[in-house]
Amino acid sequence: MTYSSKEIMVLAAARQIKNKDIVFCGTGISMLAAVAAKHIYAPDCMIFFETGAIDSKLEKLPLAVSDSRVMYGAQVFCSLIDSFCFMQNRKTGSNIVGIIGAAQIDPFGNLNSTMIGNYQDTKARFPGSGGACDVASFVDTNIIFMKLEKRKFVKILDYMTSPGWLTGFDSRQKQGLMTRGPSAVVTDMGIMGFEKESKHMVLKEVYPGIDPETIQENVGFKIDISKATQTLPPNSRELKILREKTDPERLILTKGDI
Amino acid sequence: MTYSSKEIMVLAAARQIKNKDIVFCGTGISMLAAVAAKHIYAPDCMIFFETGAIDSKLEKLPLAVSDSRVMYGAQVFCSLIDSFCFMQNRKTGSNIVGIIGAAQIDPFGNLNSTMIGNYQDTKARFPGSGGACDVASFVDTNIIFMKLEKRKFVKILDYMTSPGWLTGFDSRQKQGLMTRGPSAVVTDMGIMGFEKESKHMVLKEVYPGIDPETIQENVGFKIDISKATQTLPPNSRELKILREKTDPERLILTKGDI
Amino acid sequence: MISIETNQKAMCLEQAVQTYVKPGDHLSIGGFTVSRNPMAAVHEIIRQRITNLHLYAHSNGQGLDELVGSGAVSKIEIAYSGNGRFAPTCICFKRQIIENKILVEDYTNFQMALRFLAGSMGVPYLPTTTSLGTDIINKWGFDNKLRENDTKIAAKKLIVMDNPFSRNKIPDKIVLVPAINPDVTLIHTQKADTKGTTRIQGLTFSDVEQAKASKTVIVTCDELVEAGSLNTNPGANQLPSFCVDAVVHVPFGAYPTACFGCYDYDAPFLDSYRDMAATQEQFQQYLNDYILGTKDHSQFIQKACGERLEAIKANPETGYSDQIKRK
Amino acid sequence: MISIETNQKAMCLEQAVQTYVKPGDHLSIGGFTVSRNPMAAVHEIIRQRITNLHLYAHSNGQGLDELVGSGAVSKIEIAYSGNGRFAPTCICFKRQIIENKILVEDYTNFQMALRFLAGSMGVPYLPTTTSLGTDIINKWGFDNKLRENDTKIAAKKLIVMDNPFSRNKIPDKIVLVPAINPDVTLIHTQKADTKGTTRIQGLTFSDVEQAKASKTVIVTCDELVEAGSLNTNPGANQLPSFCVDAVVHVPFGAYPTACFGCYDYDAPFLDSYRDMAATQEQFQQYLNDYILGTKDHSQFIQKACGERLEAIKANPETGYSDQIKRK
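As they're listed, the protein sequences go chains A, B, C and D.
The opening residue of the first sequence carries number 1 in our numbering; numbering runs sequentially from there.
The opening residue of the second sequence carries number 1001 in our numbering; numbering runs sequentially from there.
The opening residue of the third sequence carries number 2001 in our numbering; numbering runs sequentially from there.
The opening residue of the fourth sequence carries number 3001 in our numbering; numbering runs sequentially from there.
There could be a bad hint or two in this list.
[What the hints assert, rightly or not] Mimicking DSS-like on lysine-lysine, the simulated pairs with C-alpha atoms at most 30 Å apart in a straight line are:
| hint | chain 1 | residue 1 | chain 2 | residue 2 |
| --- | --- | --- | --- | --- |
| 1 | A | Lys18 | C | Lys2215 |
| 2 | C | Lys2139 | B | Lys1240 |
| 3 | B | Lys1123 | C | Lys2139 |
| 4 | D | Lys3173 | A | Lys60 |
Hints in this document: simulated from the structure, not taken from any laboratory.
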């Protein structure tokens, strides 16, 4: 069965979600991945949004985290503050998995979703942190979505919106952040992880038909591609549910940014 | 028309409430005064409780601030935190009038509702601050209810639960409190205020038939009784509403502490 | 789509308390003076003779007093301990402090609420300006040694510091109150579903913050409904299922305190409790007769309330009862 | 028992904006990306050509973008400026920053929510641990001189300090974010009564904290009901009347953004807005045609939505519309 790079990307992220997880996601493709996870792999996982909708029913795909479609049939309406408190509190914090995107990423998984240029002299502007910096600060398991492009995988960020592993090694803890940095970067060609000690980005998996060298060519800094394994291709059940149940209107699968 | 000292006391406090006021009150006689104010003098004042019931209907007299009778027909249910935030915020703070009681009061209107003895060696114990310290810290207009007794009006408190004018003059501001100290102490014999500069307690009004000297005899420190005027006796309308509408079951008027 | 974990949350009270409440735990109980005290759960703790508890309550009445009277509590942090007109100061609480049997740390209402909120937010403290200049700041019930020895207790009662954002010193000083993160929190509510979704009707007091701050949470409820059936009105629910560890169906679980919309406080019982708790000997007799001598909450209610049960049931329109004698 | 003050709160939008919004004000607007932006009020501000506003928004979309595009805003403090799939970054916002026409101060979602909460609580700041090590802390949009000159702006963007309650340095560092106290806040809601009691259905976003932090509050609502009639369900109401200065009945007042239970976002309009706002010239044309060229919100809706109005109406069961084309 053929599939698009967007489809395998969504499924690759969705496969990482377990039934016990409480999934926090942003708009667009990260939301699609969360909903796909619930439909395909982890029916008991709960999805929640920074807007305070907890365990949303999601019969229709929302186009924003404030979409009325996150509200219908939810378990609880909380405040914005509550949403982030669930990440920090002793009971629920460790079960929360974040899925976020960004405009730029650096070798340690730090993210920019704010701007390009000098902060006093902006060349390009993105929406700003929203909840990205908060989820990157608070949760132990954070999955990042990025389209693989050299201008996105950069050595030095123009603006660090969300903390990854900062400058690697134990720099994150030294700054006072109490949780782990990102666990995976899911792209349209493969999946990156972070080296255990140095916390530098490494290639973990390549999608079927993709050459690891091609991945390196699209990354603006050197990464270890030597230990990458191949991602299982999507099977027909995964694709069928994704296409027919998760995004039957093809609102995200064929439109919208990664 | 004859009346009890409790009745004139309740009415004397209730007379101080205006339509624009947002009245915060505790349990017992302070609640009775607030409800009487709404029934007799200020139908548009709103009564709220630390438990978060805002603008309660109060068809029946509650026996505690958590009584279901504060909930029925209220305008909004807030959180405990919200209740105190209304006292502190820029818009609503200045319209809030507090009515609280205590076990001891000193010459500057500081209150004890915690304990008698040494804090490490308690001789008598009261419920603790509850919201009393908070309202005394946050509001500009605070009315205190006290039965006039020498053991209650003391030179030095065993424990200062709620701030009055502290040690007088500008000591309250110097400690960092941003609002005024108490405006009146309503007792069963008369009403005390605080001298403009020194903030020392003075006698403002005596109830009909009470000798100012008798008041001085029941206060454990010297107060200026020379400028006291006489309180207007309750008229029949006031008493009728108080008895027939505010506390027809005589739950507070004939029972319970002041 | 019902998971195994889901089904494990609905259990009997005996099991819930046995599983989640241990001697020496830092325990928090919900409710406020005469309303929604988690009485059934409190009584079960007394029946299981769990002791040396460090108790957090906001402004609790009956639940606090019975726990304290039974000897289950060694230390307590609180804003207010009273039972409305029935006991302006809780009776066993008063006695045990005077007899030096429990240690107390006094805070204000707003401070206790902020402390639970801080715990739920994962921050070490929250700032306020209440209590400046008072003995709430100056007098500490727990000394430094005690605080050093039990790391679950805040390192300091509170801290007064300068306002770092100050302009013209408004405000000048800030009081920082430390977070509370209880080991276990007990709340009683009108409704919950078998997954743990919890709906409190009427005022929530500090139950929601207490539960969210806690490592484990036991919810007792007057009505237990099917998983997901509260999702038709998410705005009326306060706790998501992932905050709750055990859900226990206990009709009249707040009795003798009130549960808005379900039943009123039992005024005659609360009046008689004042006498039954008047001395430690009398209170021990009360415990023997009413708590240890009954097997569960339904037997307790039979003994304590008997035929008055009909009278305390709430008028569905007003949420309280017009039948119960309150004088 | 209806007071004079009560009756003065219900007014027309023109009067409400004229009375409460002044040039140079610190203005806060409610809603979140595609939902419940107070669009009618925003358009009225544009029509009245009120300028030099200091804007606070949480994560706003359409309302923010039109205010910014119209030139009404000089400075903005915000967590997120986007309109879901319709405009991942708000269009005029993006252009005006690149052209240096507005100054921006970036915070995170949680920080902005905490800042409004701090304002509503009357404290100068609230503590958190988010953003340690990032440019949210290191890079400031407003310099110290600007902060000194406008005392309504916080003295500092934020402050990092050691945790004074620290045990084993957990947590070690704390980020203090300053309170926001807007001069005026605009929110749009499903229901309000003529006294100002306000009921938001569905998610409240940061509307409640924004309103409570503000010196004055204008509420526009889809349905205006008789004073006191919302008191039958106090748990569903968020703002007491004493928090609200003006209540304005504006059907479809959040259009083209969604209002849960009432109507959906107008996806085709939001798609076409992307083109209409693509250059400043095009946006000026949009303003002339749609806002300045219409007398009020009902004329604007006629022009912008026309016959689609039926399609965006919400299914009463789900709260959104299945009729509107979203692709």
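Verification of the hints:
1. Proximity of Lys18/A to Lys2215/C is assessed by CA-CA distance (about 22 Å); at most 30 Å being required, the pair is judged to hold.
2. The hinted pair formed by Lys2139/C and Lys1240/B fails the criterion: a straight-line CA distance of about 46 Å is larger than 30 Å.
3. For the hint linking Lys1123/B to Lys2139/C, the alpha-carbon distance of about 16 Å falls within 30 Å, and the restraint holds.
4. With a C-alpha separation of about 42 Å, the suggested pair Lys3173/D and Lys60/A falls outside the 30 Å cut-off, and the hint is violated.
In this structure, the hints that do not hold are numbers 2 and 4, in rising order.
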